[in-house]
Amino acid sequence: MSTQKQHSRARRLLAAGAAVLTLSAGLAPQQAVAADGDKVLTVAVAQSVDSLSPFLAARLLSTSIHRLMYEYLTNYDPGDARAVPALATEWKSSPDKLTWTYTIRSDSKWSDGQQATAEDAAWTFNKMMTDEAAATANGSFVANFRKVTAPSPTELVIELKKPQATMTALDVPIVPKHVWEKVGDFSKFNNDKDFPVVGNGPFVLTDYKPDSYVRLKANKDFWRGAPKFDELVFRYYKDQDAAVAALRKGEVSFVAGAPALTPAQAASLKGEKNIHVNDAPGRRFYALAVNPGAKARNGQKIGDGHPSLLDQRVRHALFTAVDRKTIIDKVFQGYAVQGEGYIPPRFSSYFWKPADGQELAYDPAKAGQLLDQAGYKKNGDGKRVGKDGKPINYRILCHATDSNDKAIGQYLQEWWGELGIGVTLNCLDNVSDPWLAGTYDLAFDGWSVNPDPDFVLSIHTCGALPATPKDTGATDNFICDKRYDDLYAKQLAEYDPAKRADIVKQMESRLYDLGYMNVMAYPNAVEAYRTDQIKSITTMPAKAGNIYGQDGYWSWWSATPADSDGSSDDSGSTGVVIGVVAGAAVLVGAGVFFALRRRATAEDRE
Amino acid sequence: MTTETAKGDAGARTAGPRALARQRRRQSVVRFWKQYRTHRAGLAGLIALALFALLALTAPLTFGSDVAGVTGAPGQPMESPSAEFPLGTDRFGRDLLGLLVWGSRVSLLVGLLAAALSVAIGTTVGITAGHFKGAYATVLMRITDWFLVMPTLVLAIALATVLPRSLGTVVLAIGVTSWPTTARLVRAQTLAVESRPYIERAKALGGGHWHVMSRHVLPNVMPLVLAQTTLMISSSILAEATLAFLGVSDPNVVSWGGLLQDAREAGAVSSGNWWYLVPPGIAIAVVALAFTLCGRAVESVLNPRLGVGR
Chain A
1 MSTQKQHSRA RRLLAAGAAV LTLSAGLAPQ QAVAADGDKV LTVAVAQSVD
51 SLSPFLAARL LSTSIHRLMY EYLTNYDPGD ARAVPALATE WKSSPDKLTW
101 TYTIRSDSKW SDGQQATAED AAWTFNKMMT DEAAATANGS FVANFRKVTA
151 PSPTELVIEL KKPQATMTAL DVPIVPKHVW EKVGDFSKFN NDKDFPVVGN
201 GPFVLTDYKP DSYVRLKANK DFWRGAPKFD ELVFRYYKDQ DAAVAALRKG
251 EVSFVAGAPA LTPAQAASLK GEKNIHVNDA PGRRFYALAV NPGAKARNGQ
301 KIGDGHPSLL DQRVRHALFT AVDRKTIIDK VFQGYAVQGE GYIPPRFSSY
351 FWKPADGQEL AYDPAKAGQL LDQAGYKKNG DGKRVGKDGK PINYRILCHA
401 TDSNDKAIGQ YLQEWWGELG IGVTLNCLDN VSDPWLAGTY DLAFDGWSVN
451 PDPDFVLSIH TCGALPATPK DTGATDNFIC DKRYDDLYAK QLAEYDPAKR
501 ADIVKQMESR LYDLGYMNVM AYPNAVEAYR TDQIKSITTM PAKAGNIYGQ
551 DGYWSWWSAT PADSDGSSDD SGSTGVVIGV VAGAAVLVGA GVFFALRRRA
601 TAEDRE
Chain B
1 MTTETAKGDA GARTAGPRAL ARQRRRQSVV RFWKQYRTHR AGLAGLIALA
51 LFALLALTAP LTFGSDVAGV TGAPGQPMES PSAEFPLGTD RFGRDLLGLL
101 VWGSRVSLLV GLLAAALSVA IGTTVGITAG HFKGAYATVL MRITDWFLVM
151 PTLVLAIALA TVLPRSLGTV VLAIGVTSWP TTARLVRAQT LAVESRPYIE
201 RAKALGGGHW HVMSRHVLPN VMPLVLAQTT LMISSSILAE ATLAFLGVSD
251 PNVVSWGGLL QDAREAGAVS SGNWWYLVPP GIAIAVVALA FTLCGRAVES
301 VLNPRLGVGR
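Heads up: the protein sequence lines correspond to chains A and B, in order.
Numbering-wise, the first sequence is residues 1 to 606 according to the UniProt record's numbering.
Numbering-wise, the second sequence is residues 1 to 310 according to the UniProt record's numbering.
For the record, the hints were derived by calculation from the structure and aren't laboratory data.
One or more of the hints may lead you astray.
Under 8 Å between C-beta atoms, here's a sample of chain B residues computed to sit facing chain A [to be verified]:
1) A83
2) P86
3) G88
4) P251
5) A266
6) G267
7) R296
Listed below are the simulated SDA-like cross-link pairs for lysine to any residue, each with C-alpha atoms no more than 20 Å apart in a straight line [to be verified]:
8) A:K325 to B:G69
9) A:K325 to B:E200
10) A:K270 to B:E79
From the three backbone atoms N, C-alpha and C, an ideal C-beta is built for every residue, glycine too.
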């Protein structure tokens, strides 16, 4: 759900100039208090909203906002991510594991005064089961539902076709039936016309401007307790440097990196007064995906992936020539953990790492041998030649907005160049088009993982492939493997957590051996906030956790404003003085120059 | 000087014409240099250019060609200037001084090629439009006007985005978007030259279009073209840096604009790593300024009457 691909982030080019300007002109920090005395928490985000409809939204920002606007049946505990009550106060399954009964709380009201009931939840699920457009974002959760009913306002009953392990982790926002039943076409409705938007979460959406900001007001009647800040604003910054400059000036209280602050930014912010840098193990993996000869579910070929990549030895050779340690040390500069299995080590129960003999450790010599064995020998120029007689050259799809992609791309070019394999970096603002069309050989890929890994596992099943080449599937990069699929079905039906974790690890092992998803790193969540505006904020997990993009609403709900004493920072005024002096110096210099010039050309003038 | 060329041409059939022409050319070069020397700013620009050219040409000797390699980077990422790395290191730990010197090769090369392309297009369009007049000239000049009012940068970005990413693309993108000024200038000069009586005489003696354009008009607009080229180089270098900074250039090629783009992506702007930003910026400014100074000086020496204002 809140998993998302770091695909389409708009360019952040022009703001760079502005960043340079703001850098030189330091101004006194502003307090996080609006004119009417409301406490405002402003968050600089690097992503724009794709849709505010919970039935369509896929991006991390949008789904995080939905967490704030609507209650879900369950939430995750900020400490250990176990399921805790949210809209449902308790839940139980029948002995045959096929019927789940949820008790819905009676102290949750919609922001228009109506009571939130089991009927709203039942309507939400039924809508997703009957209307394909409403299943766009979260359809995978209800695909296995047989029937959803609400026998009473406080009781919700879900009947399943097969046992489903994700029943306490249904990341589906429950919407008010009396508002949403008036919506016509769910594929077109973006929920951004009538403000405030009716909800029952800790915040109520009051205003939204595309590519600019999202404004939410605290819900004073929230059943868990009202948030401490009166207003929460997500402001969109195309340029991360501009966002960091805004943080320095106090214009924003919090900077969520895109996806993280760069090492240089983090290092310089660490020395700053009143700014706290939060460096936490991330919930993302950062991988190199291989085009497995993309096909649709009907067997038709999609795109033109390089045929040599269908050979497992070639894929292993490529990844064996990737030095993950260098990537961590040089590109991430320590703000990441070396990649192993598919699921980041933060989710310890599902974390898996390859055994000694299985691991594709960095070994360029072995990589060369593997390629020789596979029959891709070097020609006279030292280039490996494909079966078609042409030198092999792989196209790597990279996100033009992600500097890590480009940096690692340069390393790949040199590492694989040594092997005799050419690399073309295809850095685009919008990688979705060639990605969906299958016109790539390799691609930089990354997903945020939820405490329940079902979603990130489901995107590599054959069922996620597009039905025909013209359709769009939920698939990540067209992987379809029978053994993996069998394991996936097995884990979904397994209710015993330990046994399920064991099956998930087998899936990770299978995925690793296939060599289509090569995890290079687990980037840390590096984010920063002003301690003179935010006194305290909950991280998740409580110890060494992240703040932005949590699995619940804990961070923004729990944030406490700092006492505003109105005293401004000295360094700010120093900046102004320096700026003024520098400006004056430039003006004087220019004056002298022109005076000299006038004198020099005096005799030429008439 | 212009009439000399024409005369030397006409006198080609008399005794010792080649020696005579050579001598005359030498004289005019010497005269040109004498006048150029009086422009102090032009001299300064020339010296700066010579230095940069020397740096660029000797780069393989002073800094090995592996300076741009990321796998063998000698330093730690983002080191501040030290004795080992006078300008610090970049995000990969590469020596920024070496990158700066190597970057000069690309910036100068692209600047020169793009300016040459732009001036070539402009001169061709200008001379033919001035010579043929009529419907042909009208159509050509309207196209020129169209290019003139198009925002150059936007057009260049669009071109560079559509075409495959390489240096050639950047040269092409700059060249085909920046020629209209030259075309207008050259056309005006062509009209002036063609109204002179000796052109009429040449035509009466049977000189065809090609003869008039290449033998009489071109040598006369050449000074203008030369000065324009020198001026165009500086704007081409700036355009190249802009395109590289905006990320539409080949990301694997080290250039000054590319360095600035790297610096921005690594967050050097907000973290105050000035050594990553300032040197390429200054280098771009100095080279562009040097070419402008030279161009101004050349312009005023060759074309005292046309040289002022543009």
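Hints and how they fare:
A least Cβ separation of about 22 Å between A83 of chain B and chain A goes past the 8 Å threshold, and the interface hint is therefore violated. Among the interface hints, the one on P86 of chain B is violated; its C-beta lies about 20 Å from the nearest C-beta in chain A, farther than the 8 Å criterion. Hint on G88 of chain B is violated. Least Cβ distance to chain A is approximately 12 Å, over the 8 Å limit. A hinted interface residue such as P251 of chain B counts as satisfied when its beta carbon comes closer than 8 Å to some beta carbon of chain A; here the least separation is about 6 Å, so the hint holds.
With a cut of 8 Å, the hint placing A266 of chain B at the interface with chain A holds, because the nearest CB-to-CB distance is about 5 Å. This hint holds: G267 of chain B has a C-beta 4 Å from the nearest C-beta of chain A, less than the 8 Å allowed. Interface hint status for R296 of chain B: violated, as the beta-carbon distance to the closest one in chain A is roughly 13 Å, over 8 Å. Distance check on the hinted pair: K325 of chain A and G69 of chain B sit about 17 Å apart at the alpha-carbon level, within 20 Å; holds.
For a cut-off of 20 Å, the pair hint linking K325 of chain A to E200 of chain B is broken: about 77 Å separates their Cα positions. With a C-alpha separation of about 17 Å, the suggested pairing of K270 of chain A with E79 of chain B holds against the 20 Å cut-off.
Checked against the numbered hints listed earlier, the structure breaks hints 1, 2, 3, 7, 9; every other hint is satisfied.
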